[in-house]
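With the first letter of the sequence shown counted as 1, position 324 gets the number 576 in our numbering; the numbers rise by one all the way through.
No wet-lab data here; the hints were simulated from the structure. Even glycine gets a Cβ: it sits at the ideal position worked out from N, Cα and C. Just so you know, not all the hints are guaranteed correct.
As the list claims (entries may be wrong) - With a straight-line Cα cutoff of 30 Å, these simulated DSSO-like cross-link-like pairs (lysine-lysine) come out: (1) K447 / K282; (2) K436 / K447; (3) K447 / K286; (4) K288 / K269; (5) K520 / K490; (6) K436 / K292; (7) K281 / K327; (8) K447 / K490; (9) K292 / K399; (10) K407 / K361; (11) K447 / K520; (12) K490 / K522; (13) K327 / K292; (14) K447 / K522.
Stated by the list, open to error - Quick list of simulated restraints, FRET-style, between CB atoms: (15) Y517 / I579: 26 to 36 Å; (16) K447 / T353: 47 to 57 Å; (17) D352 / S324: 27 to 37 Å; (18) D403 / K436: 50 to 60 Å.
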Amino acid sequence: MSVHKDEKTGKWYYTGKYRDLAGKRHDYKKRGFKTKKEAKAAEDAFLLKIKGGQGRIKMNALIELYHQEMKSAIKYSTLRMYEMIERLHIIPFFGDRYIDTIKTVDITKWNKERALTGNNGGPYSQEYTNNLYLHMSGLLTFAVNHKLLDDNPCKYAKPYKDPNEVKKEENAVENFWEVDEFNKFIATVENIDHKETYDTLFLTGLRIGELCALRWCDLDLEHKKLSVRGSFSTASRKVTSPKTKTSIRTIDLPNRLVEELKQRYERKKKLDGFNDLYYVFGDIAVTWPGTFRYRFNNDLKNVDVKHITIHGFRHSHASYLLSNPMISESLVAERLGHSIDMLRSTYAHIYEKRRTALVEYIEKL
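Model the full structure from these sequences, guided by the hints.
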């Protein structure tokens, strides 16, 4: 068994021979590794696997084996998200440890530390904390299934739960603005690029990833339409196809927004090399979601309105439409790229208000 560099491609590969349990000899070979270290780790993991788990494996080697097997079974953007979790949260803590030395107490301590201080010294959301735990559990379950580990220590642990998270979940229904609140905020925004961004989000209900991916060729301003064809994924760092068919849709635009976007187009077309493949809110390259969140938080600082997240623009749009009983929920779901079931689940609090209004109307009989 040995590791070599392919002089033609510049990449590394491993090769060798082994005997199975019946004594029969086999050749093995695997190409495509960027570094010698990656190739060696993958070979070690492979040999441990074929030996039925006889021996020990470190977390780094387990991750290499996991990606070799899963890269054809998992969506690219999901795999990139896993890579980010591993690079930022798993490898720095467990990369050089043999996986059979990782105990339940280690998982619990690690998940709590990441939850409270992993976000540049600050806390992560409960959802992200759960994702860290679930991916760690997934890696160790993979090891158990490949007979590289006797038992998964994550089975006896639970994701760290912020005791204040229940309150946050209750407040999620308030993550939207009424029209007067939005008008109060937008009146304070002086930067024209920022204003056009917020107006677009508020008046279309686009997801932030969809806004990032929007190109000028997706707009038909003469016919007042916007086509959603993709979404920018932070995990994969590129524009990808939406996860659901309902996300691919065409949105009718109000006159106010059409005029704003026409003025924006007139400004942007003066850029050198401009064409209709330029991003509407990012010019030649995509502007990342985090940039919009940073701008929004800064613009929101000194305004006396309820603080919402940038996703709250989408909730505001949905809430405004659903509050009008003359607009059918199927049209709202279509505009947002939701299924009706998802719409009802996400905006259950608005449906409750509509039920109350319905009863009040009946009382007048």
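Going through the earlier hints one by one, which of them does the structure break, listed in rising order? 1, 3 and 6
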